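Trainee: Top to bottom, those sequences are chains A and B.
Residue 455 in the numbering used here sits at position 455 of the first sequence, with consecutive numbering throughout.
Residue 149 in the numbering used here sits at position 149 of the second sequence, with consecutive numbering throughout.
It is worth saying that the hints were derived from the structure and are not from the lab.
It is possible that some hints are incorrect.
[Claimed, not checked] Selected chain B positions facing chain A (in silico; Cβ < 8 Å):
no., residue
1, Glu49
2, Thr102
3, Thr107
4, Ala112
5, Asn121
6, Arg126
7, Thr129
8, Lys162
9, Met165
10, Glu235
11, Val236
Please read these numbers as outputs of a predicted model, since none were measured by experiment.
Just so you know, even glycine gets a beta-carbon here, dropped at the ideal spot from N, CA and C.
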Amino acid sequence: MKMSPCEAYTHLQRILEEVNAITGELFTSDMMEQWACTSGNDERQHDAEVQIDQVFDWSNTGLNDIDDSHLYFSPDQGNVIFASAINGWGFGIKHFARIYAKKLGMKEAVLQKTLWGDFYLNAKTKRICKNAQNKGKKSLFVQFVLENIWAVHDAVVTKKDKEMTAKIVKSLCLEVPARDMRHADPHVQLRAIFDQWLPLSPAVLGMVCEKLPSPLDIGERRVEKLMCSHGQSLDTMPEATQKLKQDFLQCSAGDAAPVIVYVSKMVSVERKCLPEFKQRSLTQEELSLRRELARERHAERLRMQNQDETTDVLPESIGSPLYNGDTSETGGKSEATDGNVFIAFARIFSGTLRPGQELYVLGPKHNPRKALEGTEVVEAASDVYSLESNKHITVCTIQQLYLMMGKELESLNEVPAGNVIGIAGLGNHVLKSATISSTIACPAFTDMYMTAAPIVRVALEPKHSSQMSQLVQGMKLLNQADPCVQILVQETGEHILVTAGEVHLKRCLDDLEERYAKISLDVSAPIVPFRETIIPPPQLDVVNELVDNTSKQPVVRLNYSEEESQAEQKQEWVEMKTRNGICTIRIRAIPLPENVTKLLDDNADLVKTLVKCSNFKQGERKDSFELSTDMRSQLQELKHKLEHFFAENDSEKWEGVVDQIWAFGPKGNGPNIFLNRIPGFSHPSVWQCLGSTVSQSAQSAEFRLLKVHCSSMVNGFQLATLAGPLCEEPMMGVCFALESCKLQADSSQSSSTTDCKVTADDVICPVSCGDEITETCATVQDSNVLTADKKSSSNSATSCTVTVAALMPDTQPNSEHEAPSLVQVKQQIFGPFSGQLMSIVKESCRRAFQCHPQRLKTAMYSCVILTTAEVLGRLYGVLSKRHGRIISEEMKEGSQMFDITAVLPVAESFGFAEEIRKKTSGLAMPQLVYSHWEVVDMDPFWVPTTDEELLHYGEKADSENQARKYMNSIRRRKGLKIQEKIIEHGEKQRTLGRNK
Amino acid sequence: MSIFTPTNQIRLTNVAVVRMKKAGKRFEIACYKNKVIEWRNKVETDIDEVLQTHTVFTNVSKGQVAKKDDLEHAFSTGDQTEICKQILTKGELQVSEKERSTQLESTFRDIATTVADKTVNPETKRPYTVGVIEKAMKDMHFSVKPNRNPKQQALEVVKKLKETMEIERAQMRLKIILPQREAKKLKDKVKEISSVIESEHWDGDLEIVCLIDPGCYRQMDELVRTSTKAKGSLEVLSLKNIAEGDDRLE
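All chains should be built: construct the whole structure from the sequences, respecting the hints.
Mentor: Right, here's the structure in full:
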């Protein structure tokens, strides 16, 4: 060993100080957070592993119960074990104190105090004096403890001195097996000696027994904390529950005591590892029993043989049934050994557990009050998968109890309170954690406190699309086995796996592929949702110059010709006619104020019920759907808030807007609003169910017709908001106002020529590209070949104008010759009128949307990072590279840690955790929580135009434009058209001919 | 010496020829490969990136330049660049390799997105992801037809996919209100078309909420409109009947 005993001593001292410093820091910061009470019984274990030289790994394992009085690790208090895992020894100060107390004739207690620390032994006076270091003497610890160990080690390993070794062994009164002593490898010898002298396991076990609190000492507060999960106090619990606390504190194992068991985790064990299926070594009794049997059989056979001479019975016939029975039994077992079994890792808090007991399994959300009131009906024999969402109780039978010893499982017949055990037979009853009790009055215990919240998200797909169900099944199993995993199915149909880190992810995937699902998987970054929105025209351009209103930047659009978009730029509304020219509508898009959007987004459920009930009202069935008063007041509040927010923003523009709301979208509850601003036309608003009176005045015939078709208009709006023009993502925070809608009940008034023009116009712009209904209709009906043709040509969009030119002659003679029956013809050609209306509402919504500056909205994570000061710079680097924004940065009081809050676009978060851990050497711990939607403050179509911008960004600003990058990536994913060049420079292509 | 010896043989390797017939004459222009479609899509705005030369030919590979008189006659302008632009937008060309591959790829994606959008897994009532659909399409060796509407192709894909995996068209939810008189007669017909009747209510009129296959919408619409003489009404409650919101798999 390269280090002298003295050096080792100081080294050890330093390690201890470091450990204590960390503990102290944790403790003080805990105190700051008023946390001290809960950590009272927490076990903390610190492994400070130090490499002294290449050969030896020393580990100084300190086990300590952090208490207010014995906060720090200190060997003289007997809560530190010095140990070496490699050589298999370990000791506390106590052991040596006992040894030397006899030798030196001193009191054990004194020695225990002085053996660690700055003391030395004055050999002459046989007294222990202070300040060993100052006087240049060896401290007691060095002299008595370390030097001895060193000596042994020296003799055995370094010098390989057999005699010396033998002497030491003798002096220590050890009995080392001769075989070990003869072993060529000195380390084996060393191990053998130390095993006898300072055995590791008793030292550690003794320490655990001595220092860790027994289940009886369970603190009252802790019990309360365990029992009251969601911030309620125990006093609010039912009486029966409060009584349970006593049982809890007593921790009695008697039969009368109620059983309370907390399952903290489900462990998946391969079936063949279970003790029932193991080949047991036979006990003495069994052996003798078998011997007896064999002897009997033998005797039988002998007797048979004697009889054999007279009868023809085969001797095997008696033995064989027994034998057969055996094989069939084992055969059955081997069949069952495939697959995994879930074993619940549990602690018994009260009562005694036996196999065969029938107990209640209470889910994490179980509320004893409800259960006692009898609102929940206990369903026997059901399992958790078939349980409805509001029920949390099942009944289960304990099948087997196991003592968990590392990998080994030992079968048990009875387990009293206070023990940690494994329970079989709960696989169908427990998901991750649960409480098992003999009474339903028992509250569900709080979930385990997770230090590492899951952060790494990936989307999983099976390699073969037919294996979807296996994947789902496997993921369910994984979820049960691993408490740190979250599994989601998103609205897009993606299966999302959320894990704690990259390594954890790898492990989960391996488990899934090899154990649970047994299929190969594809892992990809999850699809990041975006929203599309419009904003009021910005006052400043990108280089902070005032935007010149006269030279407005032309907004580039994907689908339209320049002139069209220019024309629409000036007017803020869009007017469109249906294909048969019957109806003309005008729609204006208005950006909603930020807070209104947020309000709607937050209250999506409320809005949904509102819409639902207003739908029912329209159907004039007042009796069937009556709002609860609670809901009604909530809705009233929502309405007031909306009114308030609108008034706050721009009271003139938004006057009376709340009463004009016709629908919300998409899906009837989104953060977009459809307004009814047709002068004179009063449609029952969504607030009707609140009793706000809408005067149902006599309406003209035109409006009555309109009313018939209003649902298709709303549907058109829903379609438009579901897929915006930027990249077919849902819209958010947009208000569409239907300003006029002219219906020509008798369409023969309109001259045929104008009609024809309209149709031609409509073909130019791919009106019904995304319109499902008209599309399917067109494909279904044979008579509509013409329309289908038109659509396909407009979709291909490469030679729009040409095809229109070609089609014009086709339609014109049609309309001229058959003018009287034109209406019918058109009805058939263009499909049902409702469909047409829907498609033009949709299209005009989209176009109105495009009249405004368009923006993408991205979901943001709020990111909380705890880190040390050293890596702060690198942390900022990672964040800014991923377009994150720091919101606050605070030093945590009482520690060196910084608390940083930042926001980060979800789109940038893939691989974020890994990168930040790499860059900061694991010193920063990020946690991501979804927080809000944020507008990406960049026009996706922006190109530098003014001189300053050109100067600043150059000709192409692709690298700068984040919004464009997002948009193009989504469009590419969806197979939409992208404004990107396949080849940047035509001249620079490789000119390889075929035969050159 | 023959002019076709390799030394003075000029090969057109980076050239895409765009042809147009006008006034009985053939005109050609020499462009760079992979650039013409971009020009037509207005992605490329720089004409010099598209055209090799501004001259108009009658035969590019032979290097025969078009006569001025012919150009005047056919296009009624002498400006070669103008004529080139006309030919670029209207002429016919051989779509080159990269253009075709990007087009096919994007159409393929488009079809997959449409399929994913229109269908659900009947077990979970949730849509499949585009990735799964793409894989399934590749597995069944689906080939894109570039000159057909992606939407029509998507509908065909759905039909074919049904053979290999659990997939259904997402159904529409409709609310149908039938007037009392015709209700009894029409109820059976409505039931025939719709796949699931969710609720029925007699309240003077008959109100039915049902799920139908989107392909049958027109049929249903016609039924309700014609046979009730516009007294009945049809309302689309939702276009896709899918499970909403994120779900924790447990």
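Trainee: For each hint, tell me whether it holds in the structure or not.
Mentor: Tested hints:
{"no.": "1", "hint": "Glu49", "result": "holds (5 Å)"}
{"no.": "2", "hint": "Thr102", "result": "holds (6 Å)"}
{"no.": "3", "hint": "Thr107", "result": "holds (7 Å)"}
{"no.": "4", "hint": "Ala112", "result": "holds (7 Å)"}
{"no.": "5", "hint": "Asn121", "result": "holds (7 Å)"}
{"no.": "6", "hint": "Arg126", "result": "holds (5 Å)"}
{"no.": "7", "hint": "Thr129", "result": "holds (5 Å)"}
{"no.": "8", "hint": "Lys162", "result": "violated (12 Å)"}
{"no.": "9", "hint": "Met165", "result": "holds (5 Å)"}
{"no.": "10", "hint": "Glu235", "result": "holds (4 Å)"}
{"no.": "11", "hint": "Val236", "result": "holds (5 Å)"}
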